[in-house]
Amino acid sequence: MIDVQNLSKRYGGFTAVDDISFHVEPGRIVGFLGPNGAGKTTTMRVLTCFLPPSRGSVRIAGHDVLDDALAVKRAVGYLPETPPLYTDMPVDAYLRFVGEIKGVPAKELSGRVEYAMKRCALLDVRGKLIAKLSKGYRQRVGLAQALLHDPELLILDEPTSGLDPKQILETRDLIRELSGDHTIILSTHILPEVEQICQEVIIINKGRLVATDSVANLRNRLRGVDAISVEFFADGTTLETGAVEVELAKIPGLARVHFKEHRQGRLLFELEALPERQIRAAAASAIVGQGWQLYEMKSIAYSLEEVFLQVTGDAIAEGPDFDTGSPGDDPPGTMTEEEASDTPPSQEAREQ
Amino acid sequence: MRNILTIAAKELRSYFVSPIAYIILAVFALVFGIFFTVSVESFIRYVIAQGQMGGNVALDLHEALISRLMGTINTIGLFLVPMITMRLFAEEKRTGTIELLLTSPIRDYEIVLGKWLAAVAFYVALLAVSSLNFAVLLYFSNPEWKPILVAYLGLLLTGCATLALGTFVSTTTRNQIIAVAVTFFACLALWIADAVTVFGSGGWAEVVGYLSLISHFGEFSRGLLQAKDVVFFATFTFFWLFLSVRSLESLRWRS
Numbered sequence: 142m143i144d145v146q147n148l149s150k151r152y153g154g155f156t157a158v159d160d161i162s163f164h165v166e167p168g169r170i171v172g173f174l175g176p177n178g179a180g181k182t183t184t185m186r187v188l189t190c191f192l193p194p195s196r197g198s199v200r201i202a203g204h205d206v207l208d209d210a211l212a213v214k215r216a217v218g219y220l221p222e223t224p225p226l227y228t229d230m231p232v233d234a235y236l237r238f239v240g241e242i243k244g245v246p247a248k249e250l251s252g253r254v255e256y257a258m259k260r261c262a263l264l265d266v267r268g269k270l271i272a273k274l275s276k277g278y279r280q281r282v283g284l285a286q287a288l289l290h291d292p293e294l295l296i297l298d299e300p301t302s303g304l305d306p307k308q309i310l311e312t313r314d315l316i317r318e319l320s321g322d323h324t325i326i327l328s329t330h331i332l333p334e335v336e337q338i339c340q341e342v343i344i345i346n347k348g349r350l351v352a353t354d355s356v357a358n359l360r361n362r363l364r365g366v367d368a369i370s371v372e373f374f375a376d377g378t379t380l381e382t383g384a385v386e387v388e389l390a391k392i393p394g395l396a397r398v399h400f401k402e403h404r405q406g407r408l409l410f411e412l413e414a415l416p417e418r419q420i421r422a423a424a425a426s427a428i429v430g431q432g433w434q435l436y437e438m439k440s441i442a443y444s445l446e447e448v449f450l451q452v453t454g455d456a457i458a459e460g461p462d463f464d465t466g467s468p469g470d471d472p473p474g475t476m477t478e479e480e481a482s483d484t485p486p487s488q489e490a491r492e493q
Numbered sequence: 004m005r006n007i008l009t010i011a012a013k014e015l016r017s018y019f020v021s022p023i024a025y026i027i028l029a030v031f032a033l034v035f036g037i038f039f040t041v042s043v044e045s046f047i048r049y050v051i052a053q054g055q056m057g058g059n060v061a062l063d064l065h066e067a068l069i070s071r072l073m074g075t076i077n078t079i080g081l082f083l084v085p086m087i088t089m090r091l092f093a094e095e096k097r098t099g100t101i102e103l104l105l106t107s108p109i110r111d112y113e114i115v116l117g118k119w120l121a122a123v124a125f126y127v128a129l130l131a132v133s134s135l136n137f138a139v140l141l142y143f144s145n146p147e148w149k150p151i152l153v154a155y156l157g158l159l160l161t162g163c164a165t166l167a168l169g170t171f172v173s174t175t176t177r178n179q180i181i182a183v184a185v186t187f188f189a190c191l192a193l194w195i196a197d198a199v200t201v202f203g204s205g206g207w208a209e210v211v212g213y214l215s216l217i218s219h220f221g222e223f224s225r226g227l228l229q230a231k232d233v234v235f236f237a238t239f240t241f242f243w244l245f246l247s248v249r250s251l252e253s254l255r256w257r258s
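Same order as they appear, the protein sequences are chains X and H. Residue 172 in the working numbering sits at position 31 of the first sequence; the count goes up by one each step and never skips. Residue 147 in the working numbering sits at position 144 of the second sequence; the count goes up by one each step and never skips.
One or more of the hints may lead you astray.
Claimed, not checked - Examples of chain H residues lying across from chain X (beta carbon under 7 Å, computed): (1) Thr9; (2) Val20; (3) Ser45; (4) Arg97; (5) Gly99; (6) Thr100; (7) Glu102; (8) Leu105; (9) Pro108; (10) Ser250; (11) Ser253.
Unchecked claim - With a straight-line Cα cutoff of 20 Å, these simulated SDA-like cross-link-like pairs (lysine to any residue) come out: (12) Lys269/X with Arg237/X; (13) Lys231/H with Ser253/H; (14) Lys269/X with Arg16/H; (15) Lys273/X with Glu94/H; (16) Lys96/H with Lys269/X; (17) Lys269/X with Tyr18/H; (18) Lys248/X with Asn6/H.
Derived by calculation from the structure, the hints in this document are not laboratory data. Each residue gets a CB set at the ideal place from its N, CA and C atoms; glycine is no exception.
Using the sequences plus the hints, can you model the full thing?
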């Protein structure tokens, strides 16, 4: 479906995408993972014929983006990072317009518009001005717009960014539903999102391809080390961290124990297992065995930085890589926060 | 063709859902109405005064009144054209909807032509408003109607030309204020290009002077339909539309 060979894209002196090659089979959902400024949007814009490649070749559904742009555009539905909405139009009129310029035959137009609105749960706002819609609805209108002409390939640029957690879950469900009918490539800087929706992942950083892999493989690689955080307290007494640390260190299979913080009288520790070892059960019984009250135990969500370290080794993903993003990008800390907000679903996914 | 009409219809629709279309129409109707009333009144006074003095001046209604009013419409148009074209592309670039157009299976020239046609259609609506005034004139007097039609053709062609220039300017910026200002001053400069003959004569002055929109329009307003003026406006329009398409293409390479 997608065949990218040695793609490079330069803006003036700045190289946004540097010699990327990858291949996507029809019917797959592929996650395009990387920090902000990694070149995700640029790559997608090349795939959608919005930008021409500086070097290399890109073929979509057998058509070259330079030689046969119209055929490529017909085969692709694209949701840019900001949905391209005419806010002065009602939802249904907007979708009709999009259908017309996407070349949907007049006879099928009404049917396709209805289908897209139904699929994206827009029927109850069909006559409303887009300007009056909430951000979540706008994102859905953007999705409806992308799938209106029944494209073989859907390209979604950060489809969940800026949405609230409920909307994020709805959007992810919708994307999963759509995967039966379309090949989907979506970009994100949120790791759990890739784990949940995608079958394959393409990781890029600073315009370079870092890894392409199936999500299952990626997950295994990340699972190499089991890391959890535990929170507990003792009834009536105040625990002394030093002594507790000594006790925890006795857990079989433990590689590292790290005191994190006091939290309203409770202690928060991070425990990391030795490679290929599971320590959850042992940690739980150790804590309970001491007579402490276990308050919470959960997986530590990997931040994108850690993924890079794990997947690529220290050589490529050194710290400075993340500090030299173009100005205006979110600092790495933001990603971690977004990760944190995703913890419940991510944990779910981990425990499957 | 279907794509051009789709774009034009959408564009025309967004003119009329925003207040700008109504403001432009109202301002035009008011300003031209005032000019029209004042001109007609002073024309009548002049004729009466001539009659009282016993003079027997044969006044040509078209020459003395109508062609001047046509010039007035054209001048008001000079101020309104930049407002009609400012948002065509600047708005799409600002909001990012240009990404939708440029990733749709339509050609760049279809986008440009569609948008320009919508602007022309809106300009025709302005002309239609002005024609109400002439309808009154036709009801109470009997001027020749053929020169009026020729003058209207001149107005339309001038509009097509300046709207094409405005369309091009709109492709070069995402700021509508800049689009208005640049379009206005570019049109103004071309409007009065024949003023260079004040500063000198010779080949270059003749060439620059020939670009003057108003001197070509003058022939139409007098009721003269000449191929060279039609060709001038057609060429002028084509030139700016062509540059617009090129400018749109270049967005891909520059952005």
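Outcome of the hint check:
1. Thr9: 4 Å, holds
2. Val20: 5 Å, holds
3. Ser45: Because about 43 Å separates Ser45/H from the closest Cβ in chain X, which is outside the 7 Å limit, the hint is violated.
4. Arg97: 11 Å, violated
5. Gly99: 5 Å, holds
6. Thr100: 4 Å, holds
7. Glu102: Status holds, d = 5 Å.
8. Leu105: 5 Å, holds
9. Pro108: At 4 Å from the nearest chain X Cβ, Pro108/H passes the 7 Å test, so the hint holds.
10. Ser250: 16 Å, violated
11. Ser253: Since chain X brings no Cβ nearer than about 11 Å to Ser253/H, farther than 7 Å, the hint is violated.
12. Lys269/X with Arg237/X: 14 Å, holds
13. Lys231/H with Ser253/H: Roughly 33 Å separates the two Cα atoms, so the pair is violated.
14. Lys269/X with Arg16/H: Measuring from Cα to Cα gives roughly 16 Å; hence the hint holds.
15. Lys273/X with Glu94/H: OK: Lys273/X and Glu94/H at ~19 Å, within 20 Å.
16. Lys96/H with Lys269/X: Distance of about 24 Å is beyond 20 Å: violated.
17. Lys269/X with Tyr18/H: Holds, because 18 Å separates the two Cα atoms, which is no more than 20 Å.
18. Lys248/X with Asn6/H: 16 Å, holds
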